[in-house]
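**Student:** Sequence:
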Amino acid sequence: MSLASSSFFILASTIIISLYTLYKNQNLLNHLVLHPFKMNRNNSYYRLITSGFLHADLNHLIFNMLSFYFFALPLERIVGSFVFLVFYLSAIVIANLDSFIKNKNNPMYRSLGASGGVAAVIFSFIIFNPSITLYLFFAIPIPGPIFAIGYLVYSNYASKAMNDNINHDAHIWGSLTGIAFALIYDPSTVQRMIDFLLEFF
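The sequence shown begins at 41 in our numbering and counts up by one.
Mixed in with the good hints there might be a few duds.
[What the hints assert, rightly or not] Listed next, with one range per pair, are the computed distances between beta-carbon atoms: (1) N82 x N205: 29 to 35 Å; (2) I180 x N145: 26 to 32 Å; (3) A52 x A179: 35 to 41 Å; (4) V193 x S121: 31 to 37 Å; (5) N99 x A220: 25 to 31 Å; (6) M148 x N67: 27 to 33 Å; (7) I182 x S84: 19 to 25 Å; (8) Y197 x R232: 16 to 22 Å; (9) S121 x N82: 31 to 37 Å; (10) S84 x Y197: 27 to 33 Å; (11) D97 x A52: 39 to 45 Å; (12) Y225 x N99: 28 to 34 Å.
[As the list claims (entries may be wrong)] Derived BS3-like pairs: lysine-lysine, alpha-carbon spacing no greater than 27 Å straight-line: (13) K144 x K78; (14) K64 x K78; (15) K144 x K200.
Hints listed in this document are in silico derivations from the structure and should not be mistaken for laboratory results. The structure displayed is predicted, hence computed values, not measured ones. Here a beta-carbon is modelled for each residue, glycine too, at the ideal position from N, C-alpha and C.
Build out the structure end to end from the sequences listed, making use of the hints.
**Tutor:** Right, here's the structure in full:
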């Protein structure tokens with residue numbers, strides 16, 4: 041990963057900001073976290089982006105950044121550094137919009153994490169490379185498109201049926217943003233995905 045790449049900038053800044061706000065400055069975290077109730081009253085809409093550079097704990101940070109590391113640079117090589125940066129930041133905003141709209145009158149709701157942006161990166165890469173094999177829990181091989189379908193089905197179920205303090209809606213909207221980006225950037229990915237699914241099934 042080149043030091044000049046957008047991927048490196050995002051990875052490094054997310055790690056630094058997350059660790060700093062976790063262990064050194066909780067007050068800053070409170071000003072950057074997604075808090076729809078406050079945003080709706082003081083117009084602090086910057087939180088739609090800044091919340092994507094925060095994490096609830098070290099495990100949350102490590103999991104997201106490992107996932108980002110494996111997919112971000114290959115995707116950046118496909119679309120270019122500037123486009124990748126704009127795509128990633130836009131994905132964070134879009135992934136958070138649904139939670140903002142749903143919870144703007146809920147003073148108790150807060151959310152943070154890069155998961156929406158990371159999901160966008162992973163799903164976009166799967167659309168560009170439908171033949172990719174992912175390893176669930178680093179051990180179980182699963183075709184990328186099958187993983188994507190299963191992930192969306194689970195996230196949709198979890199967002200409605202589970203109360204686990206995980207922003208599943210952000211995962212869904214981030215994933216859909218990644219799919220839409222890849223299809224718009226390279227419309228030929230539609231046929232490649234169809235060909236793969238027809239061959240698989």
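**Student:** Hints first: check each against the structure and report whether it holds.
**Tutor:** For each hint, the structure was consulted:
1. Between N82 and N205 the beta carbon distance is about 24 Å. The supplied range of 29 to 35 Å is therefore violated.
2. Between I180 and N145 the beta carbon distance is about 42 Å. The supplied range of 26 to 32 Å is therefore violated.
3. The given range of 35 to 41 Å is broken by A52 and A179, whose C-beta atoms sit roughly 29 Å from each other.
4. A hinted range of 31 to 37 Å for the beta carbons of V193 and S121 is consistent with their spacing of about 33 Å.
5. In this structure, N99 and A220 meet the distance hint of 25 to 31 Å, their C-beta atoms being roughly 30 Å apart.
6. The hinted window of 27 to 33 Å between M148 and N67 is violated, with their beta carbons roughly 19 Å apart.
7. In this structure the supplied range 19 to 25 Å is violated for I182 paired with S84, their Cβ-Cβ distance being about 40 Å.
8. As the Cβ distance of Y197 to R232 is approximately 28 Å, the hint placing it in 16 to 22 Å is violated.
9. As the Cβ distance of S121 to N82 is approximately 34 Å, the hint placing it in 31 to 37 Å holds.
10. Take S84 and Y197: their Cβ atoms lie about 32 Å apart, and the range 27 to 33 Å holds.
11. Restraint check, D97 to A52: a C-beta distance of roughly 19 Å breaks the suggested window 39 to 45 Å.
12. The hint said 28 to 34 Å for the Cβ distance between Y225 and N99, and at roughly 33 Å that hint holds.
13. For the proposed pair K144 and K78, the alpha carbon gap of about 8 Å is at most 27 Å, so the pair holds.
14. Proposed proximity of K64 and K78 is supported: the alpha carbons are some 23 Å apart, at most 27 Å.
15. A distance of roughly 18 Å separates the Cα atoms of K144 and K200; the hinted pair therefore holds under the 27 Å criterion.
Checked against the numbered hints listed earlier, the structure breaks hints 1, 2, 3, 6, 7, 8, 11; every other hint is satisfied.
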